[in-house]
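Colleague: Start counting the sequence shown at 1; every next residue gets the next number (our numbering).
Don't read these hints as lab results, they were simulated from the structure. Among the hints, a few may not be true.
Claimed, not checked - Simulated restraints, written as ranges between beta carbons of each label pair:
#1 193 - 8: 55 to 61 Å
#2 125 - 25: 47 to 53 Å
#3 88 - 197: 31 to 37 Å
#4 197 - 48: 53 to 59 Å
#5 125 - 24: 48 to 54 Å
#6 8 - 28: 33 to 39 Å
#7 207 - 43: 44 to 50 Å
A virtual CB, placed ideally from N, CA and C, is assigned to each residue, including glycine.
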Amino acid sequence: PASARPNLNVMVNAAVTRITWASQGANGTVTATGVEFSCNGQIGTVRAKREVILSGGSVGSPQVLMLSGVGPRDVLESVGVDVVVELPGVGQHAQDHLVSFSVLPTEGLVELLLSLNAPGQVMVQAALQIPFSQAGLYVNSTSVFGHPVIDPQYYSHPADVTVIRQGLKIARTIGQTSPLSNILGNEISSGLSVSTDEEWEEWLRSNSVTEYHPSSTCAMMPFEMGGFMGFVTNMRVVDASIFPLAMSSHVRPSPFSPLPFHLFSLALWRWIAHGANVRPRRTSCYHHSGRSESAW
1 PASARPNLNV
11 MVNAAVTRIT
21 WASQGANGTV
31 TATGVEFSCN
41 GQIGTVRAKR
51 EVILSGGSVG
61 SPQVLMLSGV
71 GPRDVLESVG
81 VDVVVELPGV
91 GQHAQDHLVS
101 FSVLPTEGLV
111 ELLLSLNAPG
121 QVMVQAALQI
131 PFSQAGLYVN
141 STSVFGHPVI
151 DPQYYSHPAD
161 VTVIRQGLKI
171 ARTIGQTSPL
181 SNILGNEISS
191 GLSVSTDEEW
201 EEWLRSNSVT
211 EYHPSSTCAM
221 MPFEMGGFMG
231 FVTNMRVVDA
241 SIFPLAMSSH
251 VRPSPFSPLP
261 FHLFSLALWR
271 WIAHGANVRP
281 RRTSCYHHSG
291 RSESAW
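Taking the hints into account, I'd like the entire structure generated from these sequences.
Modeller: Quick look at the structure:
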């Protein structure tokens with residue numbers, strides 16, 4: 001239904017290369033005027049009448065911001081990007097869900113889900129849904145087509161090790177308790193040779209995978225107005241990168257349902273009810289590793 005709207009133009013095979021800005025104001029703020037994009041090798045620009053909505057995801061949004069000159073000064077200068085606004089939190093304190101598995105052999109058929117029967121193995125998952133470890137994302141070129149560097153920092157916080165370790169210990173206990181012990185054999189992975197906390201930690205660091213639920217790379221706090229960034233006007237971030245903390249659920253539902261509707265309603269409220277000259281509130285980025293706030 002949306003494709004028939006006269007005010008909608010969707011471009012395929014196009015990638016935003018940077019956001020364009022008006023000159024910096026006396027109070028240090030800059031105003032987004034539009035975007036530059038690449039389409040089939042050709043460079044074009046689009047001017048925004050009111051706002052630029054950035055929704056590139058937890059990897060794409062901070063990448064575009066940094067390539068547009070908004071981000072940590074040392075990162076931008078290292079690749080030759082002119083600093084427009086120094087915001088150290090862009091691309092930082094990223095969070096992701098991590099998971100590890102316990103695998104046990106079965107003796108005969110084990111009914112798993114209703115009529116689904118499977119011989120061979122049973123896999124039990126322990127998932128880290130509220131991580132304390134925080135990752136970092138950095139650009140290493142001036143091209144949006146270059147892959148950013150991601151330092152995941154999995155298990156950099158000891159609490160994350162404890163949570164998954166204890167979860168797999170519980171899974172082991174359940175597997176060794178009747179009635180499951182009657183149909184399950186000894187663990188294939190991690191194996192009963194892994195028993196002490198130190199052995200568990202060593203094993204986990206080599207046997208854990210991401211659930212591909214990144215968030216929080218452009219983290220904003222609850223009091224902030226609708227995805228605006230401090231020192232930047234007329235630009236709004238609308239995706240999972242603005243979550244201040246990782247959600248314990250799957251990360252996809254929020255960016256695809258309540259989040260955009262809520263932020264777009266705030267945009268309409270700003271432009272219709274209060275007029276185009278209303279300035280957004282300054283936002284802030286919360287650095288959980290250092291427990292300090294810095295302006296975005």
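Colleague: It remains to establish, for every hint, whether it holds in the given structure.
Modeller: A quick look at each hint next to the structure:
1. 193 - 8: 55 to 61 Å: Given a distance of about 59 Å, which is inside 55 to 61 Å, the answer is holds.
2. 125 - 25: 47 to 53 Å: holds (51 Å)
3. 88 - 197: 31 to 37 Å: holds (35 Å)
4. 197 - 48: 53 to 59 Å: Since residue 197 and residue 48 have Cβ atoms about 54 Å apart, the given range 53 to 59 Å holds.
5. 125 - 24: 48 to 54 Å: At roughly 50 Å between Cβ atoms, residue 24 and residue 125 fall inside 48 to 54 Å, so the hint holds.
6. 8 - 28: 33 to 39 Å: Holds - the Cβ-Cβ distance for residue 8 and residue 28, about 34 Å, lies within 33 to 39 Å.
7. 207 - 43: 44 to 50 Å: holds (45 Å)
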